[in-house]
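Line by line, the protein sequences are chains C and S. The first sequence begins at 734 in our numbering and counts up by one. The second sequence begins at -2 in our numbering and counts up by one.
Calculated from the structure, these hints are not laboratory results. The reader is advised that the hints may include incorrect statements.
To be verified - Taking beta-carbon pairs under 10 Å as the criterion, some of the chain C residues facing chain S (in silico):
| no. | residue |
| --- | --- |
| 1 | F778 |
| 2 | V794 |
| 3 | A796 |
| 4 | A848 |
| 5 | A851 |
| 6 | A853 |
| 7 | R863 |
| 8 | F907 |
| 9 | R938 |
| 10 | N967 |
| 11 | F969 |
| 12 | V973 |
Said to hold, decoys possible - The following residues of chain C were derived to be distant from chain S, with all beta-carbon distances above 12 Å:
| no. | residue |
| --- | --- |
| 13 | R817 |
| 14 | V833 |
| 15 | G958 |
Unchecked claim - Far from chain S, some chain C residues (derived; all Cβ distances over 12 Å):
| no. | residue |
| --- | --- |
| 16 | A818 |
| 17 | K944 |
| 18 | I954 |
| 19 | H979 |
In this text, all values refer to a predicted model and were calculated from it rather than measured experimentally. Built from N, CA and C at the ideal position, the CB exists for glycine as well.
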Amino acid sequence: MGSLRTVAARPPEPATPRRTRWTQRDLETVLVTLVLIVATVVFMFPILMMIAVSFKAPADVIAAPPRWVFRPTLDNYAALLGLRASEFHIDLLLHFRNSVAAAGGATLLSLVVAAPAAYAFARLRFRGARPVLFYLLALRMLPPIATVIPLYLLMRNLHLLDTITGLILAYTTFNLPFVVWVLRSFFQDLPADLEEAAMIDGATRWQCLVKVILPLSTSGIVASGIFALMLAWNDFLFAVILTNRHAPTLPVLTAGFITEMGTSWGIAMAAGAVIAVPVLIFTLFVQRYMVIGLTTGAVKG
Amino acid sequence: MSGGPAALPQPHGTTALRAAEERFAWTLLAPTFVAACAILAVPLLFSLYLSFHVWDLSVVPSRLTWVGVQNYVGLLHSEDFWRPLRFTCLYTALSVSGEFVLGFALALLLHRATVGRGVFTTLLILPMMMTPIVTGLVWGLLYDPNYGMINQIFNLGHLAWLGEVRYAAAAVVIATVWTNSPFVMVLLLAGLQSLSHEPFEAAMIDGASSRQILRYIIVPLLMPTILVALLIRTIFEFRAFDIMWMLTQGGPAGRTETLSMTDFLMSFRFFAVGQGAALSWIMLAITAVISVGYLYYLTRSLRTQGA
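Same shape as in the complex, but just chain S (with noise of 0.2 Å):
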């Protein structure tokens, strides 16, 4: 620990210093501490509670009955639960891939270019700034059967896209890696510019194709930022609500219903409380593995910073 804090004077030693130090420290940071375990910490561990329960709400006063762990053995005995989950995974997977290959792409031709690359930028990350619920408004116009200009510019007649589970499908995929591929796109860049350019250097001195020095060089050397880009994306994709909801509904059928979907239409359609907050404490397990990774990841990068 000597880089960032250390960076004011340390008061010298003394434990009385010291203590006022962080007696100062707690107090800048108690409001903080206070509002993320008062509004978010204690009504998960609620949700956690309930989460062994049923809450009848048809009745007054609601009632609440200890039920153990049969709202999360319903759950995994539900195709209710695994048709989302199989979808959530097969969604993530794609969306993450196709945003990776089209941001990297991206990343690649803005490093190159000479021309432009700042306006390029700037309208190239709109997409990702858009308000989830406009965009996928925009794009069920852009897949509308009738009136949609997809089918008009592909000369694909009067294709239903949301009408049929394989199109549908497809089309909440392209919509939400239109959407994302510039976050990819940013992280990727600023990684690739942060580069030192001697092995490029001896690369090219010692021959190099272009693919060569993408295959050993580039891809090596930002694996650190190619590793946080895909597990930040695969944290969001896993959660994904808006784009859906605008595009599918989870339709057709429930084919194209995310969890957190399936959680909504759970807790606030059929008011099933209990088992709600069940599968929301499965869904914050995977994303809890999922995200280790990533804290893994932005502690040794840390650390190197010296923080």
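Next up, chain C with everything else stripped away, as it sits in the complex (with noise of 0.2 Å):
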């Protein structure tokens, strides 16, 4: 829980006359955790019932009202995979192979570009790394239509529309600012005594780099790579504009399941919980890295 868990105690409350065994502050404790369970039900309650529904029989999905017990299927999961006759003709395991490769293949990309010049901002001296790192977050509040309009004419020239490798790209671009700033945070909590002795020692600035710097900071690559990893797996609108039928993500199979003449909500569930699960797991390893994520441009697109 790390930045999470409080720093500063909480203020101390005026004392009150022990009457019984209540004494006001054990009243205030049930009271917040009581409204902390309430908001928490409210908050995880369209994702619980993306995986319930996910569950569903295909008559208990359209029974109207909504049904809250039912007797659980692996319908949907069957027919997302091909297994069961459906009105979808889905290719699950391409989406699924395409999201993995661009999402995984853009964050290994950025981690590679971003980790040095994350290093140079945080630990060498030179003119211009303050309008360079500036430019980067600038980069990264621009309006994403904005930029993947003219991203498109570019691959369209380069005859990357539709292919792994345009996506790898054009994710990598919307990681590089986030990942060099996070990392860069990263870099900058080291003790610079490791360098110190290193150099003494007689080593380079590259083996310091390679030898020493990286090593250390696996907990802050692997964060900020799981957030370069998510922020691509979670993308839409570059996948929607940027891929036809060979290169489609996860997220555009999903929006193919809302049609004119309705919606299968139970198939719809089952996918979004094949996206949206994987994502939720990950979420626990970089909690703790969360404010720093956030702070440097938010995760999400």
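Both chains are sitting in their own frames, so use the hints and assemble them into the complex.
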């Protein structure tokens, strides 16, 4: 929980005379906890409903009013995998493969490109450091729709439309500013003595970076990598514009479930769960880096 | 500039060493810089160029015609620009206010909590991490007039949430507030936990009520964090696309269309690429104005850290 845990203790409560075993403070604790339980239930409800409906049999899905108690089945997941007939021709594996390849490739590429830059910003003195750092942040502030239109035209000329390579390049650019900022703050937090010692022993700057800094910042690299992965995984806009038949990702598949004729909610929720549940699980790993991740441009586009 | 970069032993003064360090820094930076220019800045400048042209893609080879500022003038005279602009502003204002109120309340509660704070925080963060397109899908089912649980829980019969302008607008705002309140919550909770507790002790001794403490101590001390949260949310709601795309497709009758959607439709449905580019640049200009505020506060906080 790291940074989210209390740093300063709560302000002391004024002492109340202890008449019963229940002090005013206890009462407050109970009240706060109750309100938080209610809030958590409300906030979790849509996610739980998604997971629940994904296990409903078709007849239960279209029951009106909705049934809260039902016999769970795997029908929707079977339909999603093409094991059971449905009105959709879904190639789940294709979308899944594309999502993994695009998000994974972009994550690796942005880490490789961004880590040296982040180190430079964290440790070296050079002219132009501040302007470039803020230029990168400014790029993160651009509305994606404004960048994706020219990117579409560029990719069209490079014959990269509807390819995984194209998506990887696009996602790398929107990940870069973010990864640079997050890694920079990790590098800054490492003690400088280690590099000093290495340099006194005759290591070059490159050796410092590769042999001292990088091994020490594994957790930072993993965390920013996971953030980058989620950013790319969650994207819809770039994928829907830059891909067509060969390279569409999972969110593009999901968008296809809403049709004029109505939506097959059971299959749609199963697809939603397939996409969102991995992200939710990843969240648990990066939660303590959340604040730095958020202030440098947030996790969503 | 005494913090951050100075943490390494500085080569002792000689210009040659300084120059070597600078060269090394730029070597490390080069790939990022080149990528940021090649795949972002250059296409953006191209879109600026396009915004002064009409690009006819219906003939082969496609034809570019210079039209000056006509794309911009056309937009400014078109209800197809003002309608989504009005909705985008309304949507942004409502969503950001809702997110702030709910996020702040949750942050205060979590700060007070003694039991299970970690568990609550983890669970409350999840909506923010959900894939936005899936969020749109899930809320689509919640709002469904027949199979949706919102009508069932609140006993609203077969209310068609997404079929009528007022309800549709409320529906997208509610879904957005659900998604992004945790963002405000996380930032403000971190802010609250970094406050020193001397002012609180002093206020307690003077007998201040909780409301006075909130009004005169917490809010002023937290103001920088509050502003950053509000600015980031404003920038990000202004560009909203995914949730509306799933819930309303801009409907009914284009009344819940955001500027991002207008731009998308203009460029990729109607292939008015020049006009789409012009709209992009108007959005960029508006975002830039908001961002300057954000960058200003961030610079200030960096300076106080001594970076």
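Status of the hints after comparison with the structure:
1. F778: 8 Å, holds
2. V794: With a minimum Cβ separation of about 7 Å from chain S (threshold 10 Å), the hint on V794 (chain C) holds.
3. A796: Where the cut-off is 10 Å and the nearest Cβ of chain S is about 7 Å from A796 (chain C), the hint holds.
4. A848: Nearest chain S Cβ about 9 Å off; hint holds.
5. A851: 9 Å, holds
6. A853: Check passed: Cβ of A853 (chain C) comes within 4 Å of chain S, closer than 10 Å.
7. R863: 8 Å, holds
8. F907: Interface hint status for F907 (chain C): holds (8 Å vs cutoff 10 Å).
9. R938: 5 Å, holds
10. N967: 4 Å, holds
11. F969: It holds, given that the least Cβ distance between F969 (chain C) and chain S is near 4 Å, below 10 Å.
12. V973: Holds, because the Cβ-Cβ distance from V973 (chain C) to chain S comes to roughly 9 Å (cut-off 10 Å).
13. R817: 20 Å, holds
14. V833: Per Cβ check, V833 (chain C) is outside 12 Å of chain S; nearest 14 Å; holds.
15. G958: For G958 (chain C), whose nearest Cβ neighbour in chain S is about 15 Å away, the distance exceeds 12 Å, so it holds.
16. A818: 22 Å, holds
17. K944: About 15 Å separates K944 (chain C) from the closest Cβ of chain S, which puts it past 12 Å; holds.
18. I954: 15 Å, holds
19. H979: 18 Å, holds
Of the numbered hints stated above, none is contradicted by the structure.
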